[in-house]
Every structure is written in structure tokens, then in C-alpha cells.
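> What follows is each chain in one-letter form.
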Amino acid sequence: MVTVIDTKSGHSDGPRKGPVSVAASTRAKGAGGPSLYKPRTPIYPKLVHGRWRMVKWALLVMTLAIYYVTPWLRWHRPEGLPQQAVLVDFAGRRFYFFAIQLWPQEVYFITGLLVAAALALFLVSALFGRLWCGYACPQTVWTDLYIVVERLFEGDRNARMKLDAAPLSFDKAWRKSGKHLVWIAIAVATGGAWILYFQDAPTLWRQFWVGQAPVTAYISVAVLTFTTYSLAGTMREQVCTYMCPWPRIQGAMLDEHSLQITYRNDRGEPRGPHKKTEGWEGRGDCVDCNQCVVVCPMGIDIRDGAQIECINCGLCADACDEIMVRVGRPQALISYDTDSAVADRAAGRKPVYKLVRARTIYYAAALALVTGLMVWGFATRSAVVFDVLRDRNPTFVRLHDGSIRDGYTLKVANRSFERQTYVITLTGLPADSLKVPGQDVTTGALTLTVPANEVDSLRVLVAAPPEAITAASMPVVFHLRAGKTAADVPSVFLSGAANPQ
Amino acid sequence: MSHEKETDAHSGMETTGHEWDGIKELDTPLPRWWLWIFYGCIAFAAVYWILMPSWPGITGYSHGLLHDSARANVVKDLAGLQAQRATEANRLSTASLETIEKDPQLQAYALAVGQSIFGDNCATCHGSGGTGGKGYPNLRDDVWLWGGSLEDIQRTITYGVRADDPNTRFSQMPSFGRDKILQPDQVSDLTEYVVALSHRKADAAAVARAAPVFQANCAVCHGPQGLGNQAMGAPNLTDSDWLYGADRASIHDQIWNGHGGVMPAWGHRFDANTIKALTVYIHANAGGK
Numbered sequence: 000m001v002t003v004i005d006t007k008s009g010h011s012d013g014p015r016k017g018p019v020s021v022a023a024s025t026r027a028k029g030a031g032g033p034s035l036y037k038p039r040t041p042i043y044p045k046l047v048h049g050r051w052r053m054v055k056w057a058l059l060v061m062t063l064a065i066y067y068v069t070p071w072l073r074w075h076r077p078e079g080l081p082q083q084a085v086l087v088d089f090a091g092r093r094f095y096f097f098a099i100q101l102w103p104q105e106v107y108f109i110t111g112l113l114v115a116a117a118l119a120l121f122l123v124s125a126l127f128g129r130l131w132c133g134y135a136c137p138q139t140v141w142t143d144l145y146i147v148v149e150r151l152f153e154g155d156r157n158a159r160m161k162l163d164a165a166p167l168s169f170d171k172a173w174r175k176s177g178k179h180l181v182w183i184a185i186a187v188a189t190g191g192a193w194i195l196y197f198q199d200a201p202t203l204w205r206q207f208w209v210g211q212a213p214v215t216a217y218i219s220v221a222v223l224t225f226t227t228y229s230l231a232g233t234m235r236e237q238v239c240t241y242m243c244p245w246p247r248i249q250g251a252m253l254d255e256h257s258l259q260i261t262y263r264n265d266r267g268e269p270r271g272p273h274k275k276t277e278g279w280e281g282r283g284d285c286v287d288c289n290q291c292v293v294v295c296p297m298g299i300d301i302r303d304g305a306q307i308e309c310i311n312c313g314l315c316a317d318a319c320d321e322i323m324v325r326v327g328r329p330q331a332l333i334s335y336d337t338d339s340a341v342a343d344r345a346a347g348r349k350p351v352y353k354l355v356r357a358r359t360i361y362y363a364a365a366l367a368l369v370t371g372l373m374v375w376g377f378a379t380r381s382a383v384v385f386d387v388l389r390d391r392n393p394t395f396v397r398l399h400d401g402s403i404r405d406g407y408t409l410k411v412a413n414r415s416f417e418r419q420t421y422v423i424t425l426t427g428l429p430a431d432s433l434k435v436p437g438q439d440v441t442t443g444a445l446t447l448t449v450p451a452n453e454v455d456s457l458r459v460l461v462a463a464p465p466e467a468i469t470a471a472s473m474p475v476v477f478h479l480r481a482g483k484t485a486a487d488v489p490s491v492f493l494s495g496a497a498n499p500q
Numbered sequence: 000m001s002h003e004k005e006t007d008a009h010s011g012m013e014t015t016g017h018e019w020d021g022i023k024e025l026d027t028p029l030p031r032w033w034l035w036i037f038y039g040c041i042a043f044a045a046v047y048w049i050l051m052p053s054w055p056g057i058t059g060y061s062h063g064l065l066h067d068s069a070r071a072n073v074v075k076d077l078a079g080l081q082a083q084r085a086t087e088a089n090r091l092s093t094a095s096l097e098t099i100e101k102d103p104q105l106q107a108y109a110l111a112v113g114q115s116i117f118g119d120n121c122a123t124c125h126g127s128g129g130t131g132g133k134g135y136p137n138l139r140d141d142v143w144l145w146g147g148s149l150e151d152i153q154r155t156i157t158y159g160v161r162a163d164d165p166n167t168r169f170s171q172m173p174s175f176g177r178d179k180i181l182q183p184d185q186v187s188d189l190t191e192y193v194v195a196l197s198h199r200k201a202d203a204a205a206v207a208r209a210a211p212v213f214q215a216n217c218a219v220c221h222g223p224q225g226l227g228n229q230a231m232g233a234p235n236l237t238d239s240d241w242l243y244g245a246d247r248a249s250i251h252d253q254i255w256n257g258h259g260g261v262m263p264a265w266g267h268r269f270d271a272n273t274i275k276a277l278t279v280y281i282h283a284n285a286g287g288k
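As they're listed, the protein sequences go chains A and B.
One point on numbering: in numbering that gives the first Met the number 0, the residue at position 256 of the first sequence is 255, and numbering is uninterrupted.
One point on numbering: in numbering that gives the first Met the number 0, the residue at position 155 of the second sequence is 154, and numbering is uninterrupted.
In case anyone wonders, no lab produced these hints; they're calculated from the structure.
Just so it is clear, CB atoms sit at the ideal spot from N, CA and C, and this is done for glycine as well.
A few of these clues could be false.
[As the list claims (entries may be wrong)] Taking lysine-lysine pairs in the BS3-like style, the calculated list, with each CA pair at most 25 Å apart, reads:
#1 A/171 - A/161
#2 A/410 - B/101
#3 A/434 - B/23
[Stated by the list, open to error] Computed beta-carbon distance windows for the label pairs:
#4 B/28 - A/204: 34 to 44 Å
#5 B/46 - A/48: 56 to 66 Å
#6 A/48 - B/43: 52 to 62 Å
#7 B/32 - A/279: 53 to 63 Å
#8 B/28 - A/306: 49 to 59 Å
#9 A/183 - B/75: 35 to 45 Å
For reference, chain A alone in the conformation it holds in the complex (with noise of 0.2 Å):
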């Protein structure tokens, strides 16, 4: 559909003869002024049962329960460590999942972890269409949660039309207000248990009502609810057809094998009302009860095909399925199935199906790269990460003797949920090189405690006597061992031996 946006017309100049574009039409009917933009046309839902109905409701509920009720989980963790299952800790800069706690440098495991959903997004709609859409977007399950709160109060479809379409009475105020009321505790709920994901549930929980919690708190709060209000009571189709880019994204995932809600219209073609009393010969099974169009929440016809505001939700299959049962045709009219299985069908071909294409062939390829390499990523997780860093300025201290010295940084990182005792030696030079700063005992080997899930940095210098001098830059190599946790960091001793002075 091609709107033009056409300026000029706002302002008579002359008759019209009508509209010049749906732009202009749609100002002709808005009052006052040009204006750039559609008015919503309302959608009313109608309650429909069935098979696809009941998953969506499995869904919705088992999708809310997961949100709701995670951050309450909790997770045994040493002593001093947050002891919630799932919680984003900004102030401790960990992110713990159960048994996992990854480190803001480990970051990568997120993006893995996005990259590999995008891709399984990517695979699922090749493969079956948009199921995301349909069922486990927190749009389209809020949505449907704020819905069943408008049927509570209002009634189903035919009776909220009459609602909205009343004049204002007692009745409709109470109806309203108490929906609106309802949705926005629901909206409070949706940001409530968000922020419980980035603090320790309890304890917030504790805090926020009686105003002691962080003002992130309150405003995160306040702007989820904002959206959950807006997004699912008001806009609702909106923002799947406006504002998600996915709808526009999927279309270059999906092609004429991939599974979608699709009215059979070799099956259903020619449409026309039917009385119980005539045959079924020479013409289709659609009787335009237009049952499917009443159900539907983003307010299309399915019968007109595949379309961007289609969210594959099955919602117009079950009431289908209903009324083909009513009239005594088979079911699944509309339902999940291909482009070129209906193509087939009209042709009297048999249908083929095939979800092995070279599309979810390389879907499937790029998931397997990315999940194996997250899997390989964490199997070789170290339990420490030692960095050693070389003073730059200056590179090399001269001494009276003729010795040379270095000065390093070495910083250890405990990411075990143990306090450890590190032994760090140096090799590539004489064992007694290495010492620390302001402390005249050299061992050879030095020790570092550092505390669980924490960092710790030491000072060290290493002096070289002249006679193991040999080169400018010579190789060395800092060894770090806590029992079987060990690290080997390789790095140089710069001699000045070049540059003599």
C-alpha cells in the first residue's frame, strides 16, 4: 500500500472531486487542520476457543510466571556474596545466573548469547513463521493480559462495541475506570518486577514501599509503567505494525516453504453465505461468517493473504475451526501451512513440504557455530585471569652497579567463589629478580591473597644484574598457581642494552 503524503491539500483551491490520496482522506475526516496522521480504527477482539487459544494461554502463563517469579529464587553463594538465583548486580559489577557469575569483561557471553537468540529467531521463522510474534513477545502477551482484563469489565467483543458507542453513564464510568485501574496495577507490577532483577528482591521489595529504594528504582518503575500501560492497553497492533522492526526484518527470513497461518483459498474459493439446505458443489468452504476477522487482535482479514500485520497467532484457525464444525466441512481452513503447499493444492498437485532448505540449512549452520563456540567459550573459563603490565614510562631504570630494572603491574582477578593464596614466580631471568617494591625480601617467589569474586594488583620490580643481560628486550614469564589453578603470562624484560647511556 503506497501512501502519498500530499501537503497541498489541506487548502481548498477550487472544488475536489474527491480525495486526491488516503492521506487526504484520512484529514478530510479528522476535524480541525491537516494533520499527518492515520487515526486508529478500533479493534475488538472477540473471546474464540480452541486448540492455538489454549497454547497461547499456556504461554502467557508459564511466560509471566517466569518474569514474576525468578528474581525471588535464591542461590546459596560464600558468605558476602548476593544469594539471588538472577540478579544484575551494577554496584557489584557482576551478573550472577544460578551456579554462573560473569565478570563485565566476559560481556562477550552476552553478546553470544543475543547472537545465538537472533539466530534461533531467525531459524524458527524460516522453519514456522513468525511464532515469536504470536506467542512469546511481551507485547503480544501483555496484550492479551490487558484484553482479559477489558472482557472482565466490558464484556466481550459485541458488548464493549455497545460500551464504547454509549453515552456516559454510571455504568461506563465504573467499567472504564476499573479497567484502566487494573491495567495500570498490572503496569506497576510489570516495572516492579523488573527492578527486582538488579537488587536483592527482599530487600527492595522491603525498601521501595517504604521509600528508601535507589530513585533508579522508582523511575524504572515509573517508565515500565508508562510503557506496559501505553504499549499494551492502548497501541497494542500499533506497535507491531508501526514501531517493531521485525515485521519488516522476517519477511527476508520467510519464503513460500515457511509455515504461516494461511487461509486455504483453493479449499475455501468461491465464498458466499450458505443455508444449511443447498449442497457444497461448485463453490468453496468460506461461508463470510467473518468470524476470523471479529477474533483477530491486530483487526485484518487473513483472506486477503500474507501480510506485515499478520502476527501467525492462530486465533482466526480456531474460530475457523469452529464454524467449519457448525457447517460440517472439514477444519483447518485456515491454518499453519505454506504458500507452496497451497500453490500445489490449487494445482492438484500433492503438497510438498520442506523444511530443509538451504535458508534453515544455514540458519542452523551459523546457530551451531556461535552455541559451539559459547559452549567452548565456557568450557574453558579460567577460575583466574592474570594480566602482567609493563611500566612504560620509564621502560628500564639504570642502577650503580650497572644492573638493569623493570617495573610491573600484575593484576589478578579471582573469579572463583574462594578466597585464594597465589604464588607468582618469574622465569627467563634469576629466580631472585623479582621483588616487591619497599619490601627487601627475595625469595624468588611472592604470595598474593586476593578475596572471592574480587581483583587485586601488586607492584613488582625485577632487577637483572648485568652478567644475565644478553639482549635489549629478553623474554620472561610470570607463573601464577593456587593449587590446580594456574596462569602463564608472557611478557618481556626491556634491558636498554641498545641504548646504553
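Since the structure of chain A is provided, determine the placement of chain B on it from the hints.
The following block gives chain B in isolation, referenced to the frame of chain A:
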């Protein structure tokens, strides 16, 4: 600029009445959102005048209802910072220099403070890496003019060298050539002698000629063997470390002119804690002596 209201036939917009070569200017109204933001700014300004300091007067300025002051805020922030550091600062002020160096936590605090103080104040002369330059001692090696122990370093920082302080460290290398204390050829011979002291090849005849001159003029401070004297700030002439340069020309120049730098007495500017931290920082980075 009164004129008949004229409506542009094409756009349906009024014109301003201005015309250039037949082109008329449309009187397009400002976008509503822009106008409201503009009004909002005016309202904000009015409120700001009342709440915040804004109007200059003859003897002062209007303080506003909030009595906000950037200067007072800084003072408050600094006080807050000091309160935050109070625990470490208190421990630092009571602990001895040796104790600070042995306590890893306290040492880490002192090193952090010392590093920032060094960068702001000392790096100007001694270099950001502390390696100094010609005339500015290297603080990273193990050669010290005035001693490299914790106490020696603390004293040098507090009172300075040839500084404006009664307790300052003071030494004076005479200008043997410029003040005509020695003859030019004697200075040249002494140069060879000093080169020989630091275990380098030198003209043997000149060294022999200079030996009595050295004992008569230089040994008082630098010692008979040229090993120097840290109590007097006299450098060791036998090592490879040269404040004013190692080559013959530099040594000759130093004997002739007798350069001596000045280090300020930082006790006038820093509190005792800062000097302590700085001492530990310099001592640690020099490897500790």
C-alpha cells in the same frame, strides 16, 4: 509595516508583504511544538531568576531563594571526599613511614595518593616517569644525592634543596673556572681525573697532574676517593650516574660553572599526610633503600 493581508494562491499561506524580484516571502507560522518550547524556556528563565543567583548588583548579586553557590558546593564536595577517606587518612597520619610500607593496604593507599601528587607537582621537573633529566635527579634508580632512606626522602621533600626555608638542604659546588679559583688547564686536568674516577679511559699525565688539585679542592666534599657524601649532598663521582652529564664537556662545564638546582620546600604547601604518601611513593618506585 501595515499592508493588506495577502494570501498566496499556491500555498494558501499569508505573505509578509516583502517582495524581491517578484518572489514573495510566506508568513509561515512557527511550528507549534517549537513555540511551546520557546515559551517554556521563558518561563524557566523567570523561575531561574528567582531561585538561583542571577542579577549583578553594586556591592554583590542576588542570591536567589536556593542560595546556590558553586564555590560552596566544591567546599562541601571536598569535605565529603575527606570524610570518605577519613579512615585511611587517620591511619596514615598515625603510622610511621616503615609501618606504612609494610602494610599492603596502607601502602596501596599511600601509593595512590603519592602518584597523583607526584603527577601534579613533581613531574614538571623530575618527569612523569620520575627519571629526571639533566640537572634534575632521577628518582627511579638507586643513586641518591641526599640519601634514599624513607626519612631522608621525607626531609628532602619537606624542606627542599637550596630552598627558601631555614632547614633546607644546602650544598654549593664552587664555580672553579668562572670565579678563577683554578686555572683553565687545572680544570681541564681535573676533568680527566674525574673521568678516570668513574673507571673510564683518561689521559694518564693529566690525571697525575690533577691528583693534588683534587685532594686540595674537591676531597673536602666528594671525599678523597671521590665517593661523595650524602650528608652534604656531594655526589659520588665513581659511579655511572651523572646529574649534569657524563661526557667530558659536561664534566668540564660543571667544574667551571658549578651548577646547583633548587627544589622547593614542599612543607609549605602540603600537609604532613601528603608528604608521607609522596615519600612512600618515591621510595617504593626507587626500589626502596
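> Look at each hint and say if it fits the structure.
Each hint tested on the structure:
no., hint, result
1, A/171 - A/161, "holds, 10 Å"
2, A/410 - B/101, "holds, 20 Å"
3, A/434 - B/23, "violated, 84 Å"
4, B/28 - A/204: 34 to 44 Å, "violated, 52 Å"
5, B/46 - A/48: 56 to 66 Å, "holds, 58 Å"
6, A/48 - B/43: 52 to 62 Å, "holds, 56 Å"
7, B/32 - A/279: 53 to 63 Å, "holds, 59 Å"
8, B/28 - A/306: 49 to 59 Å, "violated, 39 Å"
9, A/183 - B/75: 35 to 45 Å, "holds, 40 Å"
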